[in-house]
Amino acid sequence: MKQLFSFKNLKYSACVVALFGVIQLLISLNIFDDYYQITIATICINIILAVSLNLIAGFTGQFSLGHAGFMSIGAYACALITLNINSNYSFFLGIFVGAILSALLGFVIGIPTLRLKGDYLAIATLGMAEIIKIIAQNLEFTGGAAGLSDIPQYTNWVWLFFFTAGTVVVIKNFINSSHGRACVSIREDEIASEVMGINTTKYKVLAFVIGAFFAGIAGALYSTYFYVINPGLFGFLKSVDILVIVVIGGMGSIRGSIIASILLAIVSTYLQDFPEIRMILYSLILVVVMLAREFIKTKKINLDILNIKKYIKTNGAR
Amino acid sequence: MFSVKRLSLILVVIMLAATMFTACSQSSNTNSNEINVGLNYELSGAGATYGQDTVDGIMMAIDEINAAGGVLGKKINPIKQDNKTDPAEATSITTKLATKENVVAILGPATSGATKASIPVAVKNKVPLITGSATADDITVDAKGVKEYGYRICFNDSFQGTVMANFALKNMNAKSAVVLMDSSSDYGKGLAKNFRETFTKAGGTIVEDEAFIKGDKDFSAVLTKIKDKNFDILLISGYYNEAGLIIKQAKDMGINKPILGGDGFDSPDLAKLAGNSALSNVFFSTHYSLLDKDATVVKFMDEFKKKYNKDSNAFNALGYDLGYFIADAIKRANSEDPTKIKEAIDATEGFKGVTGKFSIDENHNPVKTAVVIELKDGAQVSALKIEP
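Protein chains in written order, with the working numbering: chain S, 342 to 659; chain W, 24 to 411.
Careful: at least some of the hints might be erroneous.
DMTMM-like mimics (lysine to aspartate or glutamate), calculated; alpha carbons at most 20 Å apart, straight line [said to hold, decoys possible]:
| hint | chain 1 | residue 1 | chain 2 | residue 2 |
| --- | --- | --- | --- | --- |
| 1 | W | Lys149 | S | Asp374 |
| 2 | W | Lys147 | S | Glu481 |
| 3 | W | Lys147 | W | Asp369 |
| 4 | W | Lys237 | S | Glu481 |
| 5 | W | Lys167 | S | Asp491 |
| 6 | W | Lys123 | S | Asp614 |
Coverage of chain W stretches by chain S, computed from C-beta distances (three or more under 8 Å per stretch; other residues unrestricted) [to be verified]:
| hint | region |
| --- | --- |
| 7 | 96 to 105 |
| 8 | 134 to 140 |
| 9 | 248 to 257 |
Bear in mind the hints are in silico, worked out from the structure with no lab data behind them. Quick caveat, the model's predicted, so the values are computed rather than measured. Idealized CB from N, CA, C, for every residue including glycine.
Given only the sequences and the hints, what does the whole structure look like? Please build it.
This is how it looks when you write it as structure tokens:
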């Protein structure tokens, strides 16, 4: 209890509340109108996806290309529940069921595939996501290739913030726990961590299940915000999009994933004004960002503005 | 855990974003001498060809209208946006057009998924949204009723099934049919369902009902099965990729029965896949025909070829009609108020476009003619207009 109410935690909670308050204020003043709220929704959903994939790929070092598959499970479950059960609780039931189903699937798929490493695992998870997509395409109750439409819009900014903050808190805490450190040790050296008595399979599956759980939540939020889902949305490219955010933000950096989600969504929105060359510019920005990252790394220039104080400390004030 | 510094930085980023947003929203000026019309189209992604083709048609129509003095004494200003064939992006674009760009109406998207995602936003903001090519049955009306601000000017999937069934019954005196359906697309399923219903209701029999899926290459098993059956016509309910191969393989096997299909056949690639010699005794329904001798249609085809240096297709024609359709509605509404324009669209009677003359019914669908085209040696030899 004492630890729970430590100064650090209180400080942190205060910041989250302040962030919520500021955005809420901007929304109520209509500075963030409907249009920007869609961008905020994209940002929040992308943060949940990127942070949860980061747990699998960045912290545990298991290269997964199937995140969109887990997302689609959550999206379909929540959409079907909200479409068929007409009650105020159907939204929460949908999110809960979506997340649980997604986590279960992560468990079932994780056990055999997590024996694979690197590229092999990537291809196995990619295959899994494709299977989910094809199944959704051919089942009657998922609406086939056209998917589901007219899903009630239950998700609003408050729930988005709640779930995004919740995801970040849970995953950050997990990583800082002994289980999380076990996951990181698997990334660093699987054999060494096994020698140290860590049940590597258990922790890999655990990370996979937690990642899938939150991807399910993200999918559920997506389906109840954007009215329409279809199998094509959750293809290979969606998984890559999420991976791009994780890589740009930095493998194993939650802070990076959050910032990358925000920046990429803003860039994408801003580029809407240049319809013809939009994707070219977007891709160009990705290339430049990656090159810049590499440059900063190799030249050892500490441009990490977030650590500017540390930078001044280590390098002395000039 | 995050430190205060880090979180405050995130705050700063958000604030910066907010300033950037407000800055760019101010830059989009609204000129009172122009009427803004939003174009929400698939300029990239899987549906890009449909989106780009429709936009070509719309731009041509708007250029012509503006050259002739515009509507209500003002020029139409098309605001073109790319929805990447992504429903979420289409939602965002529709919101932007409706709330930021002050458009009087939104044209597009071209694909059904993006259109379904856009219509709730159009309804919420009370801006009419008209699609030229989203043919899924539940675009404008579903179990919950008619979508108040959602319209289309193309016929839907099931209508084509009905048209082809009536064509088979009346024009070909067919009594029995074999149905081959693309079960991986709603287009294939919807068309086949309505064909079956209309055909059997009028006393016809379906001898064999078979399905294939998108991407299939070898149809010999199915074709062998139907080869010795007694039937009058073969309906292929699917897109040209598979239909082309089916036609080729069927003719190779000696199945010479008439083959029927929907607008999924309407692509130059059909002839490439089937070969010109196999494409005889093939009939399909579509939106308009290159053979049409109607003055407006001929003029459109000539002008289009001059402007873009390529033959026009159905998407170009539907886009062109969309441009004139919205100008006509604005003119009749005699107002730039989206709600008044919506009422004018509701009252559309006998609008004459390149893709036929049509009115808008209570389900926000057009009541329009379909064209049934006959192919002989890969070329269009006759076009029959079928009234609804």
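query = Which numbered hints turn out to be false for this structure?
reply = 2, 9
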